[in-house]
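2 protein chains.
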Amino acid sequence: MPVGFTKHHTIHAITGIRLAAAAAGIRYQNRHDLVLMELAPGTRVAAVFTKNVFRAAPVELAIKHLALAAPRYLLINSGNANAGVGAAGMQIALASTQAVADLMHVQAEQVVPFSTGVIGEQMDIHRITQTLPELAEQLHADGWQTAARAIMTTDTVEKLFSKTIQLQGQAIHITGMAKGSGMIQPNMATMLAYIATDLNVDNAQLATLLENSVEHSFNAITVDSDTSTNDACMLIATGAADLAFEQLSEQEQNAFVQAIDELMLLLAQAIVRDGEGASKFVTVTVHNASSDQQAKRVAFSIANSPLVKTALAASDANWGRIMAAAGKVEDDTLNLDSVDLSINGVQILQSSQLLESYLDEAGSEAMQAAEVTIALDLKLGNATKTVWTTDLTHEYIRINAEYRS
Amino acid sequence: MPVGFTKHHTIHAITGIRLAAAAAGIRYQNRHDLVLMELAPGTRVAAVFTKNVFRAAPVELAIKHLALAAPRYLLINSGNANAGVGAAGMQIALASTQAVADLMHVQAEQVVPFSTGVIGEQMDIHRITQTLPELAEQLHADGWQTAARAIMTTDTVEKLFSKTIQLQGQAIHITGMAKGSGMIQPNMATMLAYIATDLNVDNAQLATLLENSVEHSFNAITVDSDTSTNDACMLIATGAADLAFEQLSEQEQNAFVQAIDELMLLLAQAIVRDGEGASKFVTVTVHNASSDQQAKRVAFSIANSPLVKTALAASDANWGRIMAAAGKVEDDTLNLDSVDLSINGVQILQSSQLLESYLDEAGSEAMQAAEVTIALDLKLGNATKTVWTTDLTHEYIRINAEYRS
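So the sequence lines, in the order shown, correspond to chains A and B.
Heads up: take any position in the first sequence, counting from 1, add 4, and you land on my numbering.
Heads up: take any position in the second sequence, counting from 1, add 4, and you land on my numbering.
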């Protein structure tokens with residue numbers, strides 16, 4: 005069960021987008037594993053992809069197609085990452101986009117492929133092509149829920165959220181879905197995310213918006229420090245609302261950006277809440293580092309430390325492990341001589357000295373919460389970074405030692 | 005039980021060194037936890053310490069004392085790291101070295117302190133001082149075995165090895181002990197190691213020898229990517245043999261260096277074999293990287309990947325996870341387009357293509373061995389690096405979720 009996960013019960017359709025999911029039998033029987041997402045003509049998108057060098061063929065092809073044309077269809081499959089299968093991977097990715105193009109009467113370059121699932125097994129293209137007609141028939145503006153479920157792999161819950169913001173008297177909708185629960189680390193992990201709005205946003209604005217928002221959401225989460233071959237995050241603006249971003253006042257623009265940020269953070273945090281084996285949702289904030297880079301490195305060093313994560317699983321306020329994890333960052337400007345450390349508001353260290361009033365029991369009690377915030381104030385400068393992670397439990401090992409077999 | 009661990013039954017005393025261990029009751033009752041090691045006058049040492057910023061007081065004091073004088077006594081305690089306790093840590097480290105100095109009639113600077121164990125709990129100095137007379141009485145050239153056991157924390161077996169090498173008609177002995185099984189990652193993890201020889205080696209030679217040897221042994225192992233506050237490795241040359249390193253021919257020097265290297269590698273690998281919860285001893289070799297740095301980063305990225313380590317625990321030849329772990333290294337010169345990958349000699353990938361003859365069953369069978377070698381040939385240059393690690397098991401989590409409580 006995800007930690008502190010709250011479903012949004014109202015999911016707004018985004019005018020200009022229709023979705024469908026079906027069971028192609030790619031890896032498992034009797035579950036939806038293939039999604040077609042239709043974007044109305046004129047829709048603009050921005051996308052970021054995994055930085056892992058070992059990229060899957062669909063990622064390569066998606067990047068290529070996005071550079072050539074404005075996309076009309078996204079084809080997403082779960083169950084198989086179409087990664088690590090050599091030249092066959094690109095053939096399958098090409099064939100699947102061509103099949104969508106033929107069926108929907110668009111150019112192949114207007115179809116963007118996404119895959120997630122097991123690495124290194126060849127995908128059966130026929131399972132996809134034979135399922136496409138069913139998908140085409142079922143395209144529907146209210147297909148978000150079924151699509152969000154279909155893209156899941158080891159996820160235990162679909163990640164789907166919606167927001168509405170009033171701008172110049174109009175209700176502007178933002179709806180996003182994501183999948184992912186393991187192989188999660190900055191720079192796109194095993195995760196796919198699609199966030200759409202009906203506001204009219206131009207390509208450059210959309211790219212900037214995505215880049216900034218990803219930095220504080222999807223690139224600020226980690227489950228196990230492993231990144232993947234297939235990650236992608238796409239921001240989509242259909243422009244169906246009769247209102248453009250550039251028509252907005254600065255205040256309205258900020259409100260819209262904030263709404264996008266909030267939605268992306270909800271999605272990113274949902275991935276951590278549903279992290280493999282997670283029993284805790286953990287926020288790590290490093291305050292007053294000497295640089296953004298230092299703040300980020302120290303925060304991730306704590307968030308990825310197996311010793312910190314096992315202590316979290318045991319509700320052991322083992323602050324020595326937190327400090328040792330911070331200290332292992334190789335950075336000449338880092339020193340830990342006068343830090344403050346607190347866990348869920350219970351202060352443990354002041355100027356690197358154990359508070360005389362601190363009791364182990366108070367620390368353990370704070371650690372027992374399902375949501376734990378570790379706050380480390382370095383007092384070296386002004387940079388702050390927050391990242392989110394999980395604890396490391398027996399269940400994580402069970403899931404990952406059993407995933408393929 | 006450690007994986008593939010073979011005890012050396014003959015441990016050679018090193019003339020000029022006497023050791024004793026006793027039960028001071030620092031953390032646990034009824035076990036030895038305090039070691040005094042006496043070095044004859046004229047003994048030379050070289051030492052390297054943890055690069056973790058969050059260094060323990062005894063590490064600070066050891067560095068200071070080593071800069072001031074040639075050491076005559078090493079005082080080593082287990083059960084408490086004397087780390088993260090603020091100014092009290094240095095007071096305790098100073099008081100303990102002073103107590104040894106008073107008892108043994110040397111200067112405090114000639115006493116070097118080492119601590120390992122739990123972080124953040126204040127150590128009772130009286131337990132140490134009251135045990136020192138017993139230690140002084142029991143100093144013995146054959147005290148290696150009892151000392152190696154006394155410095156253990158979560159170790160399940162003492163790590164103690166000996167070698168003899170014939171040089172110019174003399175038997176030159178090398179004996180070393182180490183402790184460590186978790187918080188193991190390059191640049192000195194939670195580990196202490198002391199390697200001694202009776203050959204006469206001058207300070208500069210000793211320092212070079214240690215630095216080179218550590219790079220290919222203690223700095224090439226990882227259990228959980230966490231580094232610690234207290235690590236130290238010391239190379240000791242008593243000079244008791246009537247033979248000096250500089251008198252040796254180049255060939256003899258090489259033979260001696262090789263013997264030291266082999267002993268340090270045995271100790272380093274013993275730490276991995278006894279890694280917390282380890283069920284497998286894993287060798288990761290990256291061949292033909294474009295630089296030493298790249299070879300090392302890729303090797304450690306694989307060796308530290310939780311997904312690779314859980315696959316190892318499950319004997320799942322999940323080569324996709326290995327490739328994804330290699331690919332997450334951020335390095336512009338890295339590409340994985342034509343790599344060869346094999347596991348225990350079973351080739352899986354050739355030029356990044358799955359071998360047609362490869363069968364999952366063969367991979368799984370190879371993975372079932374207690375000792376697994378992952379060999380990745382990048383074909384980008386000439387740099388090679390080998391590192392050693394363990395799998396990630398339920399037992400690791402049990403140990404680290406229960407260590408403090």
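Source of the hints: derived by calculation from the structure; they are not laboratory data.
Keep in mind that the hints are not guaranteed to be accurate.
To be verified - Here are the simulated distance ranges between beta carbons: (1) A:A99 x B:E334: 27 to 35 Å; (2) B:Q126 x A:A208: 27 to 35 Å; (3) B:K11 x A:S361: 22 to 30 Å; (4) A:S355 x B:D265: 27 to 35 Å; (5) B:E360 x A:D146: 52 to 60 Å; (6) B:R35 x A:E399: 54 to 62 Å; (7) B:I67 x A:A71: 52 to 60 Å; (8) A:Q251 x B:D296: 33 to 41 Å; (9) A:S361 x B:H109: 21 to 29 Å; (10) A:A208 x B:E334: 49 to 57 Å.
Only a predicted model underlies this, so the values are computations on that prediction, with no experimental measurement involved.
All C-beta atoms in this analysis are idealised placements derived from N, C-alpha and C, irrespective of residue type, glycine included.
Hint by hint, here is what the structure shows:
no. : hint                        : verdict
1   : A:A99 x B:E334: 27 to 35 Å  : holds, 32 Å
2   : B:Q126 x A:A208: 27 to 35 Å : violated, 59 Å
3   : B:K11 x A:S361: 22 to 30 Å  : violated, 49 Å
4   : A:S355 x B:D265: 27 to 35 Å : violated, 43 Å
5   : B:E360 x A:D146: 52 to 60 Å : violated, 46 Å
6   : B:R35 x A:E399: 54 to 62 Å  : violated, 34 Å
7   : B:I67 x A:A71: 52 to 60 Å   : holds, 55 Å
8   : A:Q251 x B:D296: 33 to 41 Å : violated, 56 Å
9   : A:S361 x B:H109: 21 to 29 Å : violated, 43 Å
10  : A:A208 x B:E334: 49 to 57 Å : violated, 26 Å
Of the numbered hints given earlier, the model fails hints 2, 3, 4, 5, 6, 8, 9 and 10; all others are met.
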